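Use the sequences and the hints to build the structure in full.
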Amino acid sequence: MEAAILLQQVANGLVIGSIYAMVALGLTLIFGILHIGNFAHGQLYMLGAFATYWLVSLWGWNIWSSMFVAMGLTALLGMVLERIAFRPVRSAPHINGLIVALGLFIALENIAFILWGGDERTLPSPYATKMITLLSISLTIQRLLVFAVSILLIFLLYLFIQKTKMGKAIRAVAQDPEVARLMGIPIHRVSSTVFAVSSALAAAAGAMVGPIFCVFPSMGLIPILKAFVVIVLGGMGSIPGAIFGGFILGVAESLGAGYISSEYKDAFAFAALILVLMVRPTGLFGKE
Amino acid sequence: MKETPKKTSGVFLAILALLILLPFFLSKAYLHLAVIIGVHAILALSLGMVVGFVGQLSLCHAGFYGIGAYTSALLTFSHWPFWLALPAAGIISGLFGLLIGLPALKTRGIYFAITTLSFGVIMNIMLNNWVSLTNGPDGLSGLALPDPIPLWAKTSISFNTPRNYYFLVGVLLLFTIFVCRRLLNSRVGRAFRGVRDNEVLAECLGIRALRYKLTAFTIGAIFAGLAGSLYAHYLRYICPRDFSFAESFDLLVMVVVGGAQTILGPIVGALFILALPKFFGFEPVYGRVAFGIILVVVMIYMPRGIVGSFQKGFPSPKGGAHGPS
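These protein sequences, in sequence, are chains R and Z. Reminder that position 58 of the first sequence reads as 42 in the working numbering, one-by-one numbering, no gaps. Reminder that position 42 of the second sequence reads as 45 in the working numbering, one-by-one numbering, no gaps.
Source of the hints: derived by calculation from the structure; they are not laboratory data. Treat the numbers as computed from the prediction; the structure is a model and nothing was measured. Just so you know, not all the hints are guaranteed correct.
Here are a few chain Z residues that sit away from chain R, every Cβ distance over 12 angstroms (derived from the structure) [as the list claims (entries may be wrong)]:
id	residue
1	I103
2	T110
3	I125
4	N131
5	S144
6	L175
7	R193
8	L298
One-sided excerpt, in silico: chain R residues whose CB lies under 10 angstroms from chain Z [claimed, not checked]:
id	residue
9	L86
10	S122
11	F212
12	E247
Every residue gets a Cβ at the ideal spot worked out from N, C-alpha and C, and that includes glycine.
Here it is, written out as structure tokens:
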């Protein structure tokens, strides 16, 4: 019985962790290119969820095509934000970029509130209620899909970063923007692409959790805070750090909530972060 | 760069006179706003010591503010007079600042920001969940007003009107400004600047960077605690929500939008951020949207903050190696 509960908690943790990983990946990519702690990323997750919700409930699209269109729309928005808000401050001190991100975070959340109100809506999904039981673990198919989709997207992103020319350019800019520019890499197009890819990933995460949790204007806050914890744990700018950090945090939280205290669930993540940074001040996978 | 002291003190005295006369003309609602702005000016100044003086991006300042408020509230509940609870709030907050700063300041840059963010979140979770001490999310109500200060015979200064409270906050604000000025124009202040501008170089010159960063962080926490006490006994009701990390962000915004690295900046920031929505008379939601957009615009067009961009000095590094094309 004990082992069954443990397995169940780990499975739940992996599902939540895959959400953290998807949001954290985008965050770490953006940090790698622009050195901005992009808080507004949490709102792209929220807007992705809302876009999917409206496509499904107003036009009756199925959840997959809605999710893809939502990813495209959010990617577009990410590119616009990069162009009008983040690019002008890229040579200013990093704290200015952070304030810009906070400004967008506040503005986008309240725009969503004005447009759609504060109600918690549930994204209808055919997979939300069907359960699957395997090795004494029971999960809804939706939760299983969250996990599967995130693994797929993370794998596609990995291919993109490692195998394509643009991916190579992204890595080069992350390493040294100055030199990358001298080598003729179009640095603005790179940062624009990074924002598009990251935003699409956040939107996919939002769309996938819509049927499990709820869709509402302030839904982006907790995931973005956790994603920050993840990328700091994993080392800012580190892609494997963000992926593994996300899953580790999800499982750790789930176990902590199950075995220690659910009231202090959110405190564990932050306490773990502080402990790790005391030992390794640049995160687990961070460069010295 | 250097202003003539005579001119500065003349302007300062004129503003001071204006601020002393102001409460006699303000309506009650505006007096209330003025008190809140005053408290936040103290908070922003104290955060400015960390962000502006030593260049560390702290995101747990509202935690110290909250610790000050709760310390003062709980002490007066056990019959301490306000005038003892106020310094006690500062001392306890300062102790927390020291305890948190010591490990946190070993990290740098964005890592420091996220470490302090974590401490801030944890402090808030404790205020919410340690119900036996803090009464949880419901907060503490029925706080005492500051005890009247007896003067001669039977007269005394009481603090039951916003106007008198305005002056109390004003006195503490002046004290904060005084401490900031003394800090900046001293050996310590020069060390602060050295640490902020180039930590490695400062260390090479024999400046113990960690010690100075910790000094600024702790003094900042002390003043945040004092502001917390003032806030608690003004509203006479406190709850954890007032001290969440959203408040920390707002304080950071005040400092940076006003202009870090100056003394006037955080005060102007507090005024700007708190008075602006009232000035437009927006619905709160629309006000927040405008607020967010204004932050973006100010940071793009005034990278050194409002006060910073009116000061002569080195030009901003715009148009450098990777400036906007």
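Of the numbered hints stated earlier in the document, which are not met by this structure? Hints 1, 2, 3, 4, 8 and 10 not satisfied by this model.
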